[in-house]
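The task is simple: from the sequences and hints, build the whole structure.
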Amino acid sequence: MSELDELYQEVILDHNKSPRNFREMGNANRKSEGYNPLCGDHVTVYIHFIGGIIHDISFKGSGCAISKASASMMTTELKGKSEAEAEELFDDVHKMLTGDVDVEDSGFDRLGKLKILSGVCKFPARVKCASLAWHTVNAALKGVDEVASTE
Amino acid sequence: MKAFQKKQLPHSGDGIFDVEKIRQDFPILRERVHGKPLVYLDNGATSQKPQAVIDAISRYYQSENSNIHRGVHYLSEQATASYENAREKIRQFINAKSEQEIIFVRGTTEAINLVAQSYGRTFLKEGDEIVISAMEHHSNIVPWQILCGQIGARLRIIPINHDGEFVLDEYRRLLNEKTKLVSITHVSNALGSIVPVREAVRIAHERGVPVLLDGAQAVPHLKVDVQEIGCDFYAFSGHKVFGPTGVGVLYGKAELLDAMPPYQGGGDMISLVTFEKTHYNVLPYKFEAGTPNIAGGIGLGAAIDYLNGLDWDQVSDHEKDLLSYATDELSAIERLKIIGKAKEKAGVLSFVFEHIHAHDVGTILDQEGVAVRAGHHCAMPVMQRFGVPATARASFALYNTREEIDALVKGIHRVLRVFG
Ligand SMILES: Cc1ncc(COP(=O)(O)O)c(C=O)c1O
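Protein chains in written order, with the working numbering: chain Y, 346 to 496; chain G, -2 to 417.
Check before you lean on any hint, since a few could be wrong.
Listed next, the in silico DMTMM-like pairs over lysine to aspartate or glutamate satisfying Cα-Cα at most 20 Å (straight line) [said to hold, decoys possible]:
| # | chain 1 | residue 1 | chain 2 | residue 2 |
| --- | --- | --- | --- | --- |
| 1 | G | Lys33 | Y | Glu348 |
| 2 | G | Lys86 | G | Glu74 |
| 3 | G | Lys33 | Y | Asp350 |
| 4 | G | Lys18 | G | Asp302 |
| 5 | Y | Lys362 | Y | Glu351 |
| 6 | Y | Lys424 | Y | Asp401 |
| 7 | Y | Lys362 | G | Glu331 |
| 8 | G | Lys340 | G | Glu351 |
| 9 | Y | Lys362 | G | Glu167 |
| 10 | Y | Lys487 | Y | Glu433 |
| 11 | G | Lys334 | G | Asp403 |
| 12 | Y | Lys440 | Y | Glu351 |
| 13 | Y | Lys467 | G | Asp363 |
| 14 | Y | Lys460 | Y | Glu422 |
| 15 | G | Lys407 | Y | Glu348 |
| 16 | Y | Lys424 | Y | Asp436 |
| 17 | Y | Lys405 | G | Glu351 |
| 18 | G | Lys317 | G | Glu400 |
| 19 | Y | Lys426 | Y | Asp436 |
| 20 | G | Lys122 | G | Glu174 |
| 21 | G | Lys18 | G | Glu331 |
| 22 | G | Lys177 | G | Glu167 |
| 23 | Y | Lys458 | Y | Asp436 |
| 24 | G | Lys407 | Y | Asp350 |
Short derived list, chain G residues pointing at chain Y, Cβ under 10 Å [stated by the list, open to error]:
| # | residue |
| --- | --- |
| 25 | His31 |
| 26 | Thr242 |
| 27 | Asp357 |
| 28 | Gly359 |
| 29 | Thr360 |
| 30 | Ile361 |
| 31 | Asp363 |
| 32 | Pro386 |
| 33 | His410 |
| 34 | Arg411 |
| 35 | Val415 |
| 36 | Gly417 |
A short list of chain Y residues far from chain G (calculated; beta carbon distances all over 12 Å) [stated by the list, open to error]:
| # | residue |
| --- | --- |
| 37 | His393 |
| 38 | Val448 |
| 39 | Gly452 |
| 40 | Arg455 |
If you're looking for bench data, these hints aren't it; they were derived computationally from the structure. C-beta: ideal position from N, C-alpha, C; glycine also.
Right under this line is the structure:
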């Protein structure tokens, strides 16, 4: 598979075309905005957080296929997770995207379906696209009420 | 409109514009990217450098390097002569009246900041208005916002029409007795539109309002004559006109520059310093504090020498052919929309797909060896005006060819295959 095919895999294209949990959330009690000044990608993440658990999570915004697919996949993975679990996953995703680990290593099993995004590390200019939504969730969970930035 | 067959290039007089010969002068064009020949269509961001410029810079460092305007020794005299020689070349290049009117700066950005801080803070006051257009680069927006914040002046924006054209009537309507400065682009970096600057200057001058032109995207494509245009300030960057980065030019009319206070203080810009009082140096040195980018200035001089060796009419015909060929070819692609359809355009083709983000277009084209810019082009208000988050932008230079546009088109078809 070429690097390009690895980047734009079917699953990613599908999430881009029909993003999951792509909606505003009326009863969200955590919310954060993320922005990538380099390309104008913009995402808002909504979380309904109860008893330390991400009960519901959704997002809205505009961006490239990578940022949209990454946000979409993130919401499906984070639903039902605790804050600590979300943070662990955030760390793993970060390591995967920056490419300094082998995701096939058993230590990264919890990445699950997210491993499909590992092709991004071959495209340094796109790492920020894939990590934007994750930075934004991180800010939302920490209750930081500022626009998260990939910078 | 396919005015020319492939390979058959326009010519004028008895000389044929031989683009293949020109390409030989730019060593980087022989590079390969991801195993494909480099197709460099990001000239709006920065242009490539001819061997003559690269050589001039290394010659300076190899055999002339020393500080200027201060040494009594041989090398310093040599370096000073080369640097001042470059200033004279620049004066001729834009037809300024005097070398005193050519200030070396870091680039367009610094030139505009210089005028905002030196001219703006001295001659503008609370309630005054500064007029810019809706298609300015951030570097011709933010310095004015900073100034407005400092002195309580107000920024007014000339709208553009749906084709991305500067509308003279709207501009006329905005000018009033509070208008104290007009600062507009000569050619838009995001849209390619050429602004009717001579007319714009004339209209402002009827009201006694000085005009700064941002020539960053104009100088690589158009013959610029600051006296004919009549502008009061003209700014451009060396790196976009085949020279090195880190050097640029502010042209200003001597009488204005004379009346302005220095922008920065330091060495070179003074004639006499005591702890009680400092006397400033004469133009242009008053605005050139500290050791400048000597190699950069010399490199820019070499770039101008290179351009002077070309027939500008031929270059211009060639670039027009490239733009019209690219416009035709891209217009034929399904679901592709060109942003910026001004009648008078230079060197830039911005485009979007409704269903594909510019960033994805850029990444896939890159895999084909085709370098374009994807993003907001430091002109976010332009993106907002057209309701798009970003565009992909192909921007051309005199060394580009129709074959390279074919490679761009081929790359776009690959994008369409990926995104179905
Ligand atoms: C129209 C325009 N103005 C100003 C600039 C800023 O130039 P520089 O970054 O060289 O200072 C650019 C560069 O992108 C430009 O295209």
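Which numbered hints fail: Failing hints, ascending: 8, 9, 21, 26 and 33.
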